[in-house]
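Asker: In case you want the letters, here they are:
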Amino acid sequence: MFQQFITSVLESIINQALSLDIDLLAKTNNLVDKRLTLHLAELGFPLSFVMQNSTINVLACEFDQCEIFTDVKTLRDISQSAQLTELIKSGKLDVKGDLQVAQAYSSFANQLELDWQTKLASHIGDYGVYKLTQFGALVKTKATFAQQQIKQDSSEWLLHEKNIIATKSHLSQFNKQVLDVVNKTDKLEARLHNLLANITT
Amino acid sequence: MSTNDHNTTDFGFKTVAKQEKENLVAGVFHSVAQQYDVMNDVMSFGIHRLWKRFTIDASGVRPGNKVLDLAGGTGDLTAKFSQLVGKDGQVVLADINSSMLKVGRDKLRDRGVVGNVKYVQANAEALPFEENSFDIITIAFGLRNVTDKDAALRSMYSVLKPGGRLLVLEFSKPEHELLNKAYDFYSFNILPKMGELIAKDGDSYQYLAESIRMHPDQETLKSMMDNAGFEQTSYHNLTGGIVALHKGYKF
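Those protein sequence lines, which keep their order, are chains S and X. Residue 1 is where the first sequence starts when you use the numbering used here, and the numbers rise one by one after that. Residue 1 is where the second sequence starts when you use the numbering used here, and the numbers rise one by one after that.
Possibly wrong hints are sitting among the right ones.
[To be verified] In silico DSSO-like links for lysine-lysine, alpha-carbon gap of 30 angstroms or less:
#1 X/118 x X/21
#2 X/14 x S/96
#3 X/66 x S/27
#4 S/27 x X/107
#5 X/87 x S/27
#6 X/66 x X/107
#7 X/14 x X/107
#8 X/87 x S/96
#9 S/27 x X/102
[Claimed, not checked] For each label pair, taking beta carbons as the anchor points, the in silico distance ranges come out as:
#10 X/24 x S/23: 38 to 44 angstroms
#11 X/231 x S/10: 31 to 37 angstroms
#12 X/115 x S/17: 44 to 50 angstroms
#13 S/69 x X/231: 51 to 57 angstroms
#14 X/179 x S/85: 48 to 54 angstroms
#15 S/17 x X/110: 50 to 56 angstroms
#16 X/44 x S/127: 29 to 35 angstroms
#17 X/24 x S/17: 44 to 50 angstroms
#18 X/179 x S/69: 54 to 60 angstroms
#19 X/219 x S/69: 45 to 51 angstroms
#20 X/194 x S/127: 34 to 40 angstroms
#21 S/139 x X/115: 29 to 35 angstroms
Hints in this document: simulated from the structure, not taken from any laboratory. Where a beta carbon is used, it is the ideal one built from N, C-alpha and C, also for glycine.
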């Protein structure tokens, strides 16, 4: 019953998120009676999505209307329904059944506008939401900066402290040395040919 | 289920006249109807919701299907089926107990589940529907309360369409002895006290524990379904066999 636990949690999370969209009913009209089955390589059982009355039902069974075979990483890469065709051509995604159902769900996901701010404001007030949004932006900026710094510092460390990575000047010096050896070898080979020629005559 | 003679049957561990059982069971469910959902969550720690989800997943329901949710009570399965059969399908919530039916109808209507749901007070032993009417019949935690289970299974077979399937979700016999002992302790010592505390009715939950022990085990129920005419019957144990989902087809 692990599958049912997963579908139960997913269904709850998705529907709570959907309730934050202010124009949900209009957006879900296109999905009524459209059943999408997702076969994710990491999961081991199918996940089916059925939209009815602005509520998503998530089931651990399969329907043959539209089945998508893919993995989690590729799913994250889908941001537009036009990408579906590209991903199918590249072999990262396989669709059985009605492609329009997959496009309809993809289009729906892109149209969502989750107004979490209004929902949160009812609990902590507008000023609270404003400060939280500012704080969130500040944390994101600092985290991005920290990530860049760490990347830069670790490159410097590998290069100068541990000498694991060779610099450009080291590489060009090495290449010059290799060329010198090649030239010397060519000269030696020429002298050997001359000597052999003299011996045979 | 054990009977002393043709005119008696079990009501939990007691032996009663067959005509009496229906009234006794009715009394139980009239009493527990209002707290039925809360008690289900408390007694099973919410796991009953997963058992019911498993049943839905196993049903193979499609848009446009006609579903009979027998002993549907407070409508857990009906609510989900209503979403899945769509506007062209239909779900009939049938229960012999008017109090349970009322609670179910009020709950579903409050949740906006309307349009493709019908409510019928009906006895599972003699279903008031035409033959070959339904694509799917489910009976969740209701069969053990039926006086004549064989008659009920035959009636269900009759109203199922060819190609249709019956799903019986019911308490059954745990697979392992240790689990069985723990389950016995929990059923007979904890449940009635929970019933007394929450539903103010310890006796009804004593009946619950006893009726589970009197219900046929997995293989026996499978045979009963075979005898009623069902084919390709099978069962799947859930939570170590505490609950089993039996499935059978009409061809």
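Asker: In ascending order, which of the hints set out earlier in this document are inconsistent with the structure?
Answerer: The structure breaks hints 2, 7, 9, 10, 12, 13, 15, 16, 18, 19, 20 and 21; every other hint is satisfied.
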